[in-house]
Amino acid sequence: MVIVPATTGQMGVLPGHVATIAELKPGVLSVHEGNETTKYFVSSGFVFIHANSFADIIAVEAVPLDQIDANLVQKGLVEFTQKLSSATTDLEKAEAQIGIDVHSALNSALTG
Amino acid sequence: MAMAALRREGRRFAPLISPRPITAVRSSPIAPSHEDECPIGVRYISTQVVRNRMKSVKNIQKITKAMKMVAASKLRAVQTKAENSRGLWQPFTALLGDLPSVDVKKSVVVTISSDKGLCGGINSTSVKISKGIHKLNSGPEKETQYVILGEKAKAQLIRDSKKDIELIITELQKNPLNYTQVSVLADEILKNVEFDALRIVFNKFHSVVSFVPTVSTVLSPEIVEREAESGGKLGDLDNYEVEGGETKGEILQNLAEFQFSCVMFNAVLENACSEQGARMSAMDSSSRNAGDMLDRLTLTYNRTRQASITTELIEIISGASALEG
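For the protein sequence lines, the chains are V and F, in the order given.
Residue numbers for the first sequence follow UniProt numbering, so the first one is 1 and each next one is one higher.
Residue numbers for the second sequence follow UniProt numbering, so the first one is 1 and each next one is one higher.
Keep in mind that the hints were calculated from the coordinates and are not lab data.
The structure displayed is predicted, hence computed values, not measured ones.
Hints are supplied without guarantee of correctness; some may be wrong.
[To be verified] Only part of the chain F face toward chain V is listed, based on derived beta-carbon distances under 10 Å: (1) TRP89; (2) TYR179; (3) GLU250; (4) CYS262.
No residue lacks a Cβ here, since even glycine has one placed at the ideal position from N, Cα and C.
For reference, chain F alone in the conformation it holds in the complex:
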């Protein structure tokens, strides 16, 4: 029965092992084995397998605990930046509003994800929402393209939507994030992709345990004009006098580009925060699981040890009584 329990645990254990292959673990049945440490003639049950298992589980516990602390310290560093960057896009939303329901012909979905894994489900939720938006926006005359930031979304989206991907950008977090880097990125996207509306999908950081997938919409200047004329939320835009520049269109163009880079900056920072927070909680639950597993293994180990001692005693005693009687 102990063996069956261990084999079950072995299978559940496998996904946790994958980042650091520990090849010492084999769920072989604990039968009387001739493998090790027994002088010839003595049979006893080997505790070696359980001991190996315990050692690797303990290592995993230490590793995941360390990863959690690293994620916590990285989170602290990015969090202040992210909160400060929130003020960057708020004036734009105050002026232009955020209209996810706007009806456009060509929309581009910018999916922001992480490069590294082990961060819980945040990348999958972003990809799910991106695919949902794609579906929402498909129809006659409407098309959606993807711009992907980060390895994880690339891996998931490249499988079924390969033809819809315009641009893939990875290794964003090699250097600490700053506005210059993001504005260069925004520039690249604006140059290479034509769009009516840009929808940026990212995980907004509310607290260490809550990350909400969000979509921010940035409209191209032509659509802004169209919406302003048709009234509705942007109708007030015409009330604003536009200073400088030759035409209102020029100013709106600059405005839209600036808005995009500000929103991107905030989105990338928030996603980084969410990634670290998700990694913290994932590593925390993993080290707790490892601790539980270690307790169970210790019990099994003791049972096996005691059983082998008892067997040895029985053999000795029955041998001795056979000699006497």
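For reference, chain V alone in the conformation it holds in the complex:
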């Protein structure tokens, strides 16, 4: 079973799932194989669930959770919050918001 962080929330995928195309938001992807779980942080991407119980997960970046540095996450979060408050154009605001989303997701991935 796989739990993917779709834009509509965490989605669990088991064999026999209805065929779906879902967009992913930054979050934790956990792969449960038997009793083992491997967790990755996914920055964004897509998941295709085919009708023959095959799922393809395509991510822009995927990192195993133990390779993430908590200090850098905090620093990034602070940096992007600053950028958001000092942003003038819509584009800058959007970019800063994206940075905040990713970093807070990273934060909750590390703690949660």
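Dock chain F against chain V, hints included.
Just chain F now, with coordinates in the frame of chain V:
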């Protein structure tokens, strides 16, 4: 006869010389020359020209051998990346299929080529295929535009298709290729070019000696919808529930853009691999040719040397016998 052979070789030799101009080579006939090293009164045939030729051929052999090894090491580095990137576009093809035969009004051909030369014929084949696609897609209401990556394709396409070129991007390989760079590139293309179908032309790397020119087709979301409704290969797309987003169209838009950047990433890496592989084999055959040429020149050199010694001996001996008798 030796001179004629050398002059023939000289002409064949010229294209190899061009990257590194070696001006010492002149195919002047080896006649008794007064140029060098002869004390006055002694005539002998000069081996200087052949010697110069041999030196430059030997240099070329060393240079091309070194280039081959450099290309081999670069190939090793890019090859793992390229093979890993193949998994990136396969899910898209599993979902959306690859329909080169789709009928669209506006298609854009993205030609990927190298910046540097001396890599065999891969750039010419890519350009040939791009022109072929252009021809296939021309007709009433249909038009094709080019987006060019790389200097070599730019040089070839700018000559006859200047008005059809939308965007030219060069110096891609200055920094090692990574996804971020390619996604910025894909972004640029998507922003500036409107298209119904994107056809990416590149050389797929099968092995060190085989590179196959390939075309990958990425459709715009509207065409995907149209094809899905009309059935056929994309007909199953409607069976998929689309989660999230306000409309299916929005998701498909993101999907198409993501697909384009993934396919581009793979295409650029594969083309880089093919370029290094082609350069390896081109440099290998060039150093082998240089070796052959060196053998032939050595024979000529020895013949000339022996002929000059014989001439000198004859002159001395006939001079001595003239004095006696």
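We went through each hint and held it up to the structure:
Interface hint at TRP89(F): satisfied, since its Cβ lies 9 Å from the closest Cβ of chain V, which is below the 10 Å cut-off. Because the closest C-beta pair between TYR179(F) and chain V is about 7 Å apart, less than 10 Å, the hint holds. Satisfaction of the interface hint for GLU250(F) is found here, the shortest Cβ-Cβ separation to chain V being roughly 9 Å, below the 10 Å cut-off. The beta carbon of CYS262(F) comes within 7 Å of a beta carbon in chain V, closer than 10 Å, and the hint placing it at the interface holds.
Consistency with the previously given hints is maintained throughout, with no hint failing.
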